[in-house]
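Given the structure of chain P, go ahead and fit chain Y with the ligand onto it with the hints provided.
Here the protein sequences line up with chains P and Y, keeping their order. Position one of the first sequence corresponds to residue 1 (the working numbering), numbered consecutively onward. Position one of the second sequence corresponds to residue 1 (the working numbering), numbered consecutively onward.
Because the hints were derived from the structure by calculation, they are not lab data. For glycine and all other residues, C-beta sits at the position ideal for the given N, C-alpha and C. Certain hints may be false.
Derived DSS-like pairs (lysine-lysine); straight-line CA-CA distance at most 27 Å [unchecked claim]:
#1 K258(Y) to K283(P)
#2 K326(P) to K313(P)
#3 K258(Y) to K204(Y)
#4 K283(P) to K228(Y)
#5 K245(P) to K239(Y)
#6 K116(Y) to K61(P)
#7 K228(Y) to K313(P)
#8 K213(P) to K245(P)
#9 K204(Y) to K245(P)
#10 K36(P) to K188(Y)
#11 K116(Y) to K33(P)
#12 K36(P) to K116(Y)
#13 K239(Y) to K311(P)
#14 K177(Y) to K188(Y)
#15 K87(Y) to K51(Y)
#16 K61(P) to K204(Y)
#17 K283(P) to K204(Y)
#18 K204(Y) to K288(P)
#19 K116(Y) to K22(P)
#20 K116(Y) to K19(P)
#21 K313(P) to K239(Y)
#22 K311(P) to K228(Y)
#23 K283(P) to K209(Y)
#24 K311(P) to K254(Y)
Here are the simulated distance ranges between beta carbons [what the hints assert, rightly or not]:
#25 D219(P) to V47(Y): 53 to 63 Å
#26 S149(Y) to R261(P): 48 to 58 Å
#27 N225(Y) to N43(P): 36 to 46 Å
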Amino acid sequence: MNLEMNSFNLPLSHIYVEKGIKDNPLTEFILNKYHKANVIEINHYKDVFSRQRQNIVNQRKSQALILARKEGELVYKGSPMCQDFDNENFYYTSCTMNCIFDCEYCYLKGMYPTSNIVVFVNIEDIFEEVSKLCKERKIYLCVSYDTDLIALDNLTNYIGKWVEFVSGEPNLTIEIRTKSHRKDIYDKLIPNSRVIFAYTMSPEEVINEYEHKTASLKDRIDAADYAISKGFTVRLCFDPMIYCKDFKTQYENMVNMVFNRISCQKIRDISVGSFRISSDYLKVMRHKMPDSAICQFPFETVDGICTFPSKIKLQMEEHLIGCLTKYIDESKIFRADY
Amino acid sequence: MIVICCALYFEAKPVITALDLRRCNENRFVEEYANEDNTIRLIITGVGEVKAASSCSAELTYLSFLYPQTTIHLVNVGTCAGREDVKGELFVINKITEQNTGRDFYPDMLYRVNLKEMPIICSSKPVKDIESDFVYDMESSGIFTSGSSLLSPDRITILKAVSDSGDFEEVTPKVIKRTIEGKIDQIKDVILLLQTTTIGENNKIDSDKFEKACNRLCLTTAMQNNFKQLLKYASLTGKNTDDILDKMPEVTSKKQGKEILDELRNELI
Ligand code: SF4
Numbered sequence: 001m002n003l004e005m006n007s008f009n010l011p012l013s014h015i016y017v018e019k020g021i022k023d024n025p026l027t028e029f030i031l032n033k034y035h036k037a038n039v040i041e042i043n044h045y046k047d048v049f050s051r052q053r054q055n056i057v058n059q060r061k062s063q064a065l066i067l068a069r070k071e072g073e074l075v076y077k078g079s080p081m082c083q084d085f086d087n088e089n090f091y092y093t094s095c096t097m098n099c100i101f102d103c104e105y106c107y108l109k110g111m112y113p114t115s116n117i118v119v120f121v122n123i124e125d126i127f128e129e130v131s132k133l134c135k136e137r138k139i140y141l142c143v144s145y146d147t148d149l150i151a152l153d154n155l156t157n158y159i160g161k162w163v164e165f166v167s168g169e170p171n172l173t174i175e176i177r178t179k180s181h182r183k184d185i186y187d188k189l190i191p192n193s194r195v196i197f198a199y200t201m202s203p204e205e206v207i208n209e210y211e212h213k214t215a216s217l218k219d220r221i222d223a224a225d226y227a228i229s230k231g232f233t234v235r236l237c238f239d240p241m242i243y244c245k246d247f248k249t250q251y252e253n254m255v256n257m258v259f260n261r262i263s264c265q266k267i268r269d270i271s272v273g274s275f276r277i278s279s280d281y282l283k284v285m286r287h288k289m290p291d292s293a294i295c296q297f298p299f300e301t302v303d304g305i306c307t308f309p310s311k312i313k314l315q316m317e318e319h320l321i322g323c324l325t326k327y328i329d330e331s332k333i334f335r336a337d338y
Numbered sequence: 001m002i003v004i005c006c007a008l009y010f011e012a013k014p015v016i017t018a019l020d021l022r023r024c025n026e027n028r029f030v031e032e033y034a035n036e037d038n039t040i041r042l043i044i045t046g047v048g049e050v051k052a053a054s055s056c057s058a059e060l061t062y063l064s065f066l067y068p069q070t071t072i073h074l075v076n077v078g079t080c081a082g083r084e085d086v087k088g089e090l091f092v093i094n095k096i097t098e099q100n101t102g103r104d105f106y107p108d109m110l111y112r113v114n115l116k117e118m119p120i121i122c123s124s125k126p127v128k129d130i131e132s133d134f135v136y137d138m139e140s141s142g143i144f145t146s147g148s149s150l151l152s153p154d155r156i157t158i159l160k161a162v163s164d165s166g167d168f169e170e171v172t173p174k175v176i177k178r179t180i181e182g183k184i185d186q187i188k189d190v191i192l193l194l195q196t197t198t199i200g201e202n203n204k205i206d207s208d209k210f211e212k213a214c215n216r217l218c219l220t221t222a223m224q225n226n227f228k229q230l231l232k233y234a235s236l237t238g239k240n241t242d243d244i245l246d247k248m249p250e251v252t253s254k255k256q257g258k259e260i261l262d263e264l265r266n267e268l269i
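For reference, chain P alone in the conformation it holds in the complex (with noise of 0.2 Å):
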């Protein structure tokens, strides 16, 4: 630990609770486990999370949990930033709110003013808004857009709960999308092919540079491959592609580096996207990241959109769909639209 890290507070040494759910069997569980945490009272999780001026890269050194109730609208109709693999109903929505990871393009720190976590402890009525949802229609439905629902389940329980939720609801698919190494939440859970499991694979480089905290390209491939081993159902999610300036070699690199160990027949499919971010996402996180490179990019902007300059973008993704035909059918693969 440098002399800078030692200034800062352990991450989750403070817990902010909202007084209407101090007896929520989750918050107890979370104080119970953290117990040494300084335990802070508040009205509503808005008075702390969406305070003014907050330094988000100082508070993710030290990131606070905020334990709060999830009011108003739970499911959220899906960006068109996003990619809705075909399914006409797709929908998001948040348990949680920010991530323990903490990938420096991340458009989370440019949509909200803090880096401190929010677990919302009502999820039963998240479950109950979707049931909703499913009654006449088949639903796709992601539910770790706006975190790592993996890299926090030590914390939430949250996966076992979905994946029961799933069984129950035969119109429901869901994604869970991730970066985390763990592979023993697999042992826990019965498989279900509506449940999937999305892995973002990234070039080694990238990860080191960019997506700070972050399971290795080799543990998240081991993850992967565990979880197909044990009968999930597994995405590849080769997106947002981050260009750097021998992307050639290193996204073949990672490319064979998967498939030498993952099944491609085992896959259910693929995704591939350039990093694309909203421009007013991106006005903020040049503003509160100045350090940060992948920020400062000379990106394009379209449409309010910002992008690799198309010349780039164009050449990254023909090549890693030219190595990835290699090894799977590109009906396999989902393209993303801008």
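What follows is chain Y with the ligand alone, placed relative to chain P:
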């Protein structure tokens, strides 16, 4: 830079001595003290929320013209009322409740100051009835609200030593001074720790050179923004921005200027 606020001179005196501060008259709107290299300043705000808020604003506004806000950390050092059994203890405050309005404020608790934490109730007059889970003062909410109009909530730290239990007739200047003196080593440690966490500004672009280069390249405002973004990226990827700026040639049209920017972009990415 650390900016310490104390309501009273008696509270400030032990801090002034421990940190070797001297009276300085840079900002004529407040009574202020500073160390030799001007990295620690101290102001006396006067008693009560309003005086605390206005003195604090005066100092921060003044400093914000001279230094980037990210390099300033505001520390309130003072005495407070609390339970009998915590008399003499020093706390770092994790929640401030403004008694008049019922509003709550939360400083970020990011730094390892090694002190017990406590919520505080900030009232407009001395408090007699002490609830066990709180300490009480008369300035913290004023200091926090005025500080947070410029600084991030991790850049405001409230340190309070318990001088009494509501028996304020007994709170003499001597008692106040003695309370702070009793905790001065811990206060000094916190201030030195906070000093290590204030960040300087990186990737600064020489504005004079930038302006001249923009003129030579005939850039429009939008093109200037693109150019600045390229320079920021260049500096973060280890290039010398002064060299880039010096090399920008003189052109005769916006079109030529744009071509030069495109070349630079291709070179950098
Ligand atoms: S893992 Fe996902 S949610 Fe977490 S920081 Fe990275 S991009 Fe953001």
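Verification of the supplied hints:
no., hint, result
1, K258(Y) to K283(P), "23 Å, holds"
2, K326(P) to K313(P), "20 Å, holds"
3, K258(Y) to K204(Y), "23 Å, holds"
4, K283(P) to K228(Y), "14 Å, holds"
5, K245(P) to K239(Y), "15 Å, holds"
6, K116(Y) to K61(P), "20 Å, holds"
7, K228(Y) to K313(P), "22 Å, holds"
8, K213(P) to K245(P), "23 Å, holds"
9, K204(Y) to K245(P), "24 Å, holds"
10, K36(P) to K188(Y), "26 Å, holds"
11, K116(Y) to K33(P), "20 Å, holds"
12, K36(P) to K116(Y), "12 Å, holds"
13, K239(Y) to K311(P), "23 Å, holds"
14, K177(Y) to K188(Y), "15 Å, holds"
15, K87(Y) to K51(Y), "26 Å, holds"
16, K61(P) to K204(Y), "24 Å, holds"
17, K283(P) to K204(Y), "18 Å, holds"
18, K204(Y) to K288(P), "15 Å, holds"
19, K116(Y) to K22(P), "22 Å, holds"
20, K116(Y) to K19(P), "22 Å, holds"
21, K313(P) to K239(Y), "24 Å, holds"
22, K311(P) to K228(Y), "22 Å, holds"
23, K283(P) to K209(Y), "25 Å, holds"
24, K311(P) to K254(Y), "23 Å, holds"
25, D219(P) to V47(Y): 53 to 63 Å, "58 Å, holds"
26, S149(Y) to R261(P): 48 to 58 Å, "54 Å, holds"
27, N225(Y) to N43(P): 36 to 46 Å, "41 Å, holds"
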